[in-house]
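*Asks:* Listed below are the residues making up each chain.
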Amino acid sequence: MDSTAEKIIPMQGYNLHVIETDKYKTNTFVWKMKAPLTKEDVTKRALLPQVLQSSSAKYPTTTALRSYLDELYGATLFIDLAKKGEYQIISFTLEIANEKFLSDSTPLLKKGFELLSEVLTKPNVSGTAFDQDTVNKEKRSLKQRIQSVYDDKMRYSNVRLLQEMCKGEPYALQVNGEAEDVEAITPENLYDYYKKAFSEDEMDLYVIGDVKEEEVKSLANDLLNFEDRTPKKLESLAVQKKEKVNEIKEEQDVKQGKLNIGYRTNIIYGDSDYFALQLFNGIFGGFSHSKLFINVREKASLAYYVSSRLESHKGLMMVMSGIDLKNFDQAVGIIRDQLEAMKKGDFSDQELDQTKAVIRNQILETIDTSRGLTEILYHNVVAGKEIKLEQWITDMEKTTKEEIVAVAAKIELDTIYFLTGSEAVK
Amino acid sequence: MEKINFDQLQEELYHEKLPNGLNVYILPKKGFNKTFATFTTKYGSIDNNFVPFGKEEYVKVPDGIAHFLEHKLFEKEDGDVFQQFSKQGASANAFTSFTRTAYLFSSTSDVEKNLETLVDFVQEPYFSEKTVEKEKGIIGQEITMYDDNPDWRLYFGLIQNLYQNHPVKIDIAGTIESISHITKDLLYECYNTFYHPSNMLLFIVGPVDPNKFMDQVRENQAKKDYKKMPEIQRKFEDEPLQTAEQKQILEMNVQTSKCLIGMKALHVDQTGSELLKNELTMNVLLDLLFGKSSENYNQLYTEGLIDETFSYDYTQEQGFGFAMIGGDTEKPDKLTEQLKNMLFHAKNATSFTEEQLERAKKKKIGSFLRAVNSPEYIANQFTRYAFNDMNLFDVVPTLEKITLDDVKRLASEVISEERFSVCQVIPKK
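In order, the protein sequences belong to chains A and B.
Heads up: the first sequence begins at 0 in numbering that gives the first Met the number 0, then just goes up one per residue.
Heads up: the second sequence begins at 0 in numbering that gives the first Met the number 0, then just goes up one per residue.
Bound conformation, chain A alone (with noise of 0.2 Å):
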């Protein structure tokens, strides 16, 4: 795994990562800004990266912007949010051809680097304020963004169950802000929170390609300075134990019904037992070998897809499936089923090693792409750890069943979601 070696180098104001690899045709820069996940701050946060992308100060708007990126071969440039743990995380991601594979010369990795910087530090402001319009416009398109979410029924029922389950937590927040809140944001409100953010916030770039870490370096240094800043690091929330399952069903016109299960595993990325629920996740229903793909599709053809996944820096599992609005019963039913067999340690030696070779598959399959591999080491910035990947597959190929019994019996059973539709109710 030498091609991911990872060179993580302190800049003013943020940590530059480096990673020299021939394998791709081109190179990739993935720019990260971390703060804790609050209700004040949350729909700005959403909104600012937004605005950043949408034109600046030598490029005012989205056409000039947008044709200086296609002169660029092409270069991508779009933004992500995302929630790990309690923090809200925004990216950057910059991706820019290798010159090398072109007819045309043209130095491509330092122009890309400018723009990058350019977008961050010289935004299209007057006074101490944004564009007026550019933000008008990024707000209605954030209102739009926030109200789609009931329009994809999957990925509704999956935040209803956040909301359901996390009351009163941070988690509980979406990751695009909350509509009511867009409307109070103006031009020099969010100024202000852009200083903010870039004077507070823990920042991170990656630079993934064939490139030499020297120049990468001497780039960084002349194009992008911050001041610095000791991040805020969170404590952990006690979390609130329920006293008993939490059970909510929401009508809806829908055809299928969906069922989303939360859990707390009560494990978090960096413990000791982490590797452990990673493969308690894998034989439980992680992938289509697993208990709950066998038992609730193949078995009892009650759902085309059921599966779950892990929040791995805020200690959650998610069980998500569609089915017929009449199977809940027996849905929740087998689902539970499975998870006292996996705490009764009812799985076998080939199942366990079955998930040890897909999970590494996975992990080497991830680290193929820039992306997969800046979100893979990553991890390491939200948690604070310093793990290397080898140590991920090491780790995980050693743990042992006991092990992994041992992460079943921590897990509980929080709070049960279904949407389902009217006439079932009836």
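It should be emphasised that the hints constitute simulated quantities derived from the structure, not laboratory data.
We put the CB at the ideal spot given by N, CA and C, even for glycine.
Careful, some of the hints might be misleading.
Under the rule of at most 25 Å between Cα atoms (straight-line distance), these lysine to any residue pairs were calculated in the SDA-like manner [what the hints assert, rightly or not]:
(1) B:K339 x A:T61
(2) B:K291 x A:R308
(3) A:K110 x A:M10
(4) B:K407 x A:S66
(5) A:K110 x B:E353
(6) A:K409 x A:M317
(7) A:K298 x B:T116
(8) A:K142 x B:Q298
(9) A:K138 x B:Q220
(10) A:K22 x B:I3
(11) A:K325 x B:G136
(12) B:K291 x A:V148
(13) A:K211 x B:G136
(14) B:K428 x A:Y149
(15) B:K428 x A:K298
(16) A:K142 x B:Y296
(17) B:K41 x B:T270
(18) B:K28 x A:A4
(19) A:K110 x B:E336
(20) A:K232 x A:Q173
(21) A:K142 x B:Q337
(22) A:K254 x B:P426
(23) A:K254 x B:P206
In silico contact screen, one side only, chain B against chain A (beta carbon under 7 Å); selected entries [said to hold, decoys possible]:
(24) Q140
(25) T270
(26) R358
(27) L368
(28) R369
On the provided structure of chain A, position chain B as indicated by the hints.
*Replies:* Just chain B now, with coordinates in the frame of chain A:
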């Protein structure tokens, strides 16, 4: 085995056509952990009227059967092939499109074993009445899932507006009613007709030794006995140039409306370099008209008619094709009108400049480089191109040759009232 070099891209492709007709391609990718392989038949949802292998009369099969067959091929007498793949550390999958059914795996170890599993499971069907019935419940849930998905309904709604007779208008998974008519015998009839090696293509991409893998496939195929296959006879009803419907509105349980306009393609008899050039020219035209760097995009976004879900796409295969443009909107009728005006303006006006064209071409070339970072893209797209007698690696040279006249000619020809249609999803009252 022949070796084809692509110097500018620094890639090498190996190819051999085996005695039973199977085309095998191998593209070594150094530095990658993963090997990705696809085994694809030129058989999709549109192939529903054909002469079965060994028979003389045309038959019409139930809607959704190609997709159903894809599901059922994973099941064997001794269990599920997914299990076999995961024991070997691979992740496997499959998909059915209008024109292809592809089976695939990716893995970072035991690649030889996984390749053997892939080829063998696709070439050794096991269908029984009991397992066919069981699958109807699972696929029924897949169909219901899509029924609740407004983007899918919008997309298929538009295709149904555009096409009067062509089976592209049939939903790939069929309906709960249509799949109820599927039997084990019908599955075998489809399988025997379309899964002959001469109708298939195997593509392997990853850190592999091409000689070794070609030997393995050659040996595997030599052990199997295939009769010579006559050319497959497929039948498609005549399709008029005109659309079936000008407009369709679907009321659904949504909060935001959606709008998609479409244009039915011309020249759908094209193949090879002609098709490649036409398809790329159409893509360039759409980029010029609606790309993020276009005036139109800026105008629509500023007026609040579109958001970041706005997109456009062009698809052309033998017998059908369409351009689609649209996304989420608060004002579906206003957006329809604006998009239509912009499109018809481009039919007559010739305001595109050389500079814009050059920029659009640069953008496409860069996005091609980005795409070939992806083993999945290479295998899937190479197969699609090959089934249409095109070569994926001709994309850049073909793009470079497109002129402003080509773009203008295409615009004036393809944009027409009789081939235009719109589909909208609006909130149910």
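*Asks:* Each hint: holds or not?
*Replies:* Hints, verified against the model:
1. B:K339 x A:T61: The given pair, whose Cα atoms are some 22 Å apart, holds under the 25 Å limit.
2. B:K291 x A:R308: 35 Å, violated
3. A:K110 x A:M10: Within the cut-off at roughly 20 Å; holds.
4. B:K407 x A:S66: Holds, at about 21 Å.
5. A:K110 x B:E353: Distance of about 23 Å is within 25 Å: holds.
6. A:K409 x A:M317: 15 Å, holds
7. A:K298 x B:T116: 23 Å, holds
8. A:K142 x B:Q298: With a Cα-Cα distance of about 19 Å, the restraint between K142 (chain A) and Q298 (chain B) holds, given a limit of 25 Å.
9. A:K138 x B:Q220: Between K138 (chain A) and Q220 (chain B) the Cα gap is close to 59 Å, so the pair fails against 25 Å, i.e. violated.
10. A:K22 x B:I3: Status holds; Cα separation ~20 Å.
11. A:K325 x B:G136: Measuring from Cα to Cα gives roughly 13 Å; hence the hint holds.
12. B:K291 x A:V148: 24 Å, holds
13. A:K211 x B:G136: Given that 25 Å is the threshold and the Cα spacing comes to 55 Å, the pair is violated.
14. B:K428 x A:Y149: 16 Å, holds
15. B:K428 x A:K298: 40 Å, violated
16. A:K142 x B:Y296: The hint holds at about 19 Å.
17. B:K41 x B:T270: 15 Å, holds
18. B:K28 x A:A4: 19 Å, holds
19. A:K110 x B:E336: The given pair, whose Cα atoms are some 39 Å apart, is violated under the 25 Å limit.
20. A:K232 x A:Q173: Holds, at about 20 Å.
21. A:K142 x B:Q337: Judged against 25 Å, a Cα distance of about 22 Å means the pair holds.
22. A:K254 x B:P426: 16 Å, holds
23. A:K254 x B:P206: 45 Å, violated
24. Q140: 4 Å, holds
25. T270: 27 Å, violated
26. R358: 5 Å, holds
27. L368: 4 Å, holds
28. R369: Since the shortest Cβ distance to chain A is 5 Å, the answer is holds.
Hints 2, 9, 13, 15, 19, 23, 25, counting from the list given before, are not met by this structure.
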